Amino acid sequence: MKIHQLSMFLENKPGRLSEPCRLLADAGISIVTLSLADTQQFGIMRLIVHDWEKARKVLESAGCVVNVTEVVATEVDDQPGGLAKILEVIEQAKVNIEYMYAFTFRSGDKAVLVFRFNDPDAAVEVLKAKGINVIGNVELY
Amino acid sequence: MTEFWHDPGCTFHPVSAPDYLPVKQLRQLQLHRLRAIVQRAYDHVALFRKRMDERELTPGVLENLSDIAKLPFTVKTDLRDTYPFGLFASPMSEVVRLHASSGTTGKPIVVAYTKEDIDVWSSAMVRCFAACGLGQGDIIQNAYGYGLFTGGLGAHYGAEALGATIIPISGGNTDRQIMLLKDFGTTAICCTPSYFLRIIERAAEMGIDLHELPLKAGVFGAEPWTEEMRKRIEKGSGIKAFDIYGLSEIVGPGVGNECCEQNGLHIFEDHFYPEIVDPVTLEPVPDGQEGELVLTTLSKRAMPMIRYRTRDITLIHAEECPCGRTIRRIRRISRRSDDMFIIRGVNVFPSQIEEALLMVEGTAPHYEIVLTNDGTLDDIEVHVEITPEAFSDRMGALEALQKKLAASIEKIINIHVKLKLVEPNTIQRSEGKAKRVIDQRPK
Chain A
1 MKIHQLSMFL ENKPGRLSEP CRLLADAGIS IVTLSLADTQ QFGIMRLIVH DWEKARKVLE
61 SAGCVVNVTE VVATEVDDQP GGLAKILEVI EQAKVNIEYM YAFTFRSGDK AVLVFRFNDP
121 DAAVEVLKAK GINVIGNVEL Y
Chain B
1 MTEFWHDPGC TFHPVSAPDY LPVKQLRQLQ LHRLRAIVQR AYDHVALFRK RMDERELTPG
61 VLENLSDIAK LPFTVKTDLR DTYPFGLFAS PMSEVVRLHA SSGTTGKPIV VAYTKEDIDV
121 WSSAMVRCFA ACGLGQGDII QNAYGYGLFT GGLGAHYGAE ALGATIIPIS GGNTDRQIML
181 LKDFGTTAIC CTPSYFLRII ERAAEMGIDL HELPLKAGVF GAEPWTEEMR KRIEKGSGIK
241 AFDIYGLSEI VGPGVGNECC EQNGLHIFED HFYPEIVDPV TLEPVPDGQE GELVLTTLSK
301 RAMPMIRYRT RDITLIHAEE CPCGRTIRRI RRISRRSDDM FIIRGVNVFP SQIEEALLMV
361 EGTAPHYEIV LTNDGTLDDI EVHVEITPEA FSDRMGALEA LQKKLAASIE KIINIHVKLK
421 LVEPNTIQRS EGKAKRVIDQ RPK
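Just so you know, the protein sequences line up as chains A and B, in that order.
Using my numbering, you'd call the opening residue of the first sequence number 1 and step up by one each time.
Using my numbering, you'd call the opening residue of the second sequence number 1 and step up by one each time.
These are calculated hints, taken from the structure and not from any lab test.
Just so we're clear, the structure is a prediction, and the values are computed from it rather than from any experiment.
Incorrect hints may appear among the rest.
What the hints assert, rightly or not - Below 27 Å or equal to it, Euclidean Cα-Cα: the simulated DSSO-like pairs (lysine-lysine) are: (1) K13/A / K418/B; (2) K57/A / K70/B; (3) K13/A / K235/B; (4) K435/B / K420/B; (5) K420/B / K13/A; (6) K13/A / K182/B; (7) K128/A / K2/A; (8) K435/B / K13/A; (9) K235/B / K57/A; (10) K435/B / K418/B.
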């Protein structure tokens with residue numbers, strides 16, 4: 001139950017974010033969510049899109065450096081303590097989170113957390129054992 | 001007609017015979033030719049005669065080959081100072097071709113050839129191609145620029161004399177280069193190594209795998225490159241990458257070339273006599289010791305060059321080559337004293353930076369060096385393009401890569417560098433010689 005995340009290298013200068021977005025738009029690919037990590041010089045854009053294989057092709061043929069990673073998405077109640085509850089489970093399992101980001105999804109009473117784990121398989125197992133809803137590609141799109 | 005040297009696996013071509021001369025006879029031939037060329041220059045080139053007279057020398061000073069060290073040097077500015085035809089030893093009625101350097105500052109330098117010179121040049125180029133294992137039946141795509149630059153026509157005449165099929169495509173238009181590599185079944189390509197890297201990159205973008213094409217050899221020259229670069233090229237395309245050496249002042253490409261051993265470039269020393277001198281004292285150093293390469297044309301008629309200082313830093317291998325050639329080898333040229341820049345009092349060559357970058361796994365040799373000065377201190381910034389292999393979605397991994405690259409450079413040049421990762425294809429690709437250093441320091 002892992003989903004595919006695209007990441008891209010971006011130089012930190014005006015206009016660099018809009019170009020890949022425009023490429024995806026022209027190819028009719030919708031972005032489910034994205035997150036940005038940045039330093040003074042460069043940034044990493046992480047994307048979850050419909051049809052990641054097509055998106056990768058579009059970006060690569062435009063000369064972008066694209067990397068595909070497996071991440072884990074879980075559903076959480078959009079209310080105080082929702083995130084804390086999940087983090088406790090992960091902490092107990094001693095799985096390390098490399099980074100994470102969150103977004104709300106469709107109806108609004110649920111949020112989705114996207115995790116990059118050092119060991120995604122172990123993380124999925126422990127989350128499921130604790131009854132936490134791990135989302136696959138199909139549900140997300 | 002099929003000759004024995006066209007048998008598969010046999011790369012001997014009759015024109016290569018002088019490559020295998022017994023050393024004693026080779027030295028006799030060189031001395032004989034040296035005396036004749038020095039006499040010719042003395043008789044017909046005013047500047048050379050003047051320098052000889054100032055030293056109270058005559059061509060008779062040459063009793064043996066080592067006496068060449070008594071002769072005056074020729075340097076690049078001599079060609080500029082005598083622009084355009086001041087160093088010619090033949091009347092214009094015997095000159096059949098002129099070439100000229102790109103001349104980035106002021107006037108270009110002009111070189112001339114008689115009919116015999118063109119023949120010698122072509123034969124030297126044939127020996128280059130033969131050393132790369134090429135012969136009749138090969139299809140050679142010549143992506144060196146045609147025109148005043150010696151690269152294009154030099155390789156062209158050589159390929160024709162070899163009996164190969166030549167594709168005179170000239171430089172540039174990368175997509176068309178790749179189309180012809182594929183459609184014409186090109187077996188060998190001539191261009192600068194940095195341009196071939198561009199071809200590898202572009203072919204991948206076009207969905208063409210160079211490994212699957214008939215292309216088997218590249219004859220790369222016109223700019224210094226490194227062993228690491230060769231590894232990248234050979235891995236990225238499945239061809240054998242050979243280094244060719246030459247310079248317009250001497251003849252153009254074809255002064256020397258690697259053989260199948262790919263360990264040093266054989267100098268066609270029956271025509272181009274090599275010496276290595278200490279760049280500071282200008283005293284000759286023995287074989288095996290590094291210094292500046294000095295060349296004397298032994299048979300050139302239109303424009304003899306006596307002890308021309310190439311500014312290329314190399315050494316002459318003291319050992320014989322396992323390939324059987326008796327003509328000596330120079331170590332591949334990765335440094336030119338011209339390319340050197342000085343930062344905080346330290347001499348640095350771009351090739352040192354290239355080597356340091358390529359030692360780190362997953363990097364591409366696309367880089368530029370920017371030199372700045374904030375009014376007090378020189379700073380060096382190296383821009384390196386990120387590659388799909390080196391890229392990670394984790395910030396920590398990229399910062400570690402940056403540190404690793406900077407450390408690799410600092411270990412070699414002992415100066416702190418600012419390393420900047422940049423997006424692919426943002427560093428300008430050259431279709432000729434790559435420009436690596438951007439010096440923004442106030443003059």
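Now for the hints, and whether the structure bears them out:
no.	hint	in the structure
1	K13/A / K418/B	holds, 18 Å
2	K57/A / K70/B	violated, 65 Å
3	K13/A / K235/B	violated, 33 Å
4	K435/B / K420/B	holds, 18 Å
5	K420/B / K13/A	holds, 13 Å
6	K13/A / K182/B	violated, 38 Å
7	K128/A / K2/A	holds, 12 Å
8	K435/B / K13/A	holds, 24 Å
9	K235/B / K57/A	holds, 23 Å
10	K435/B / K418/B	holds, 19 Å
In summary, the numbered hints that this structure violates are 2, 3, 6.
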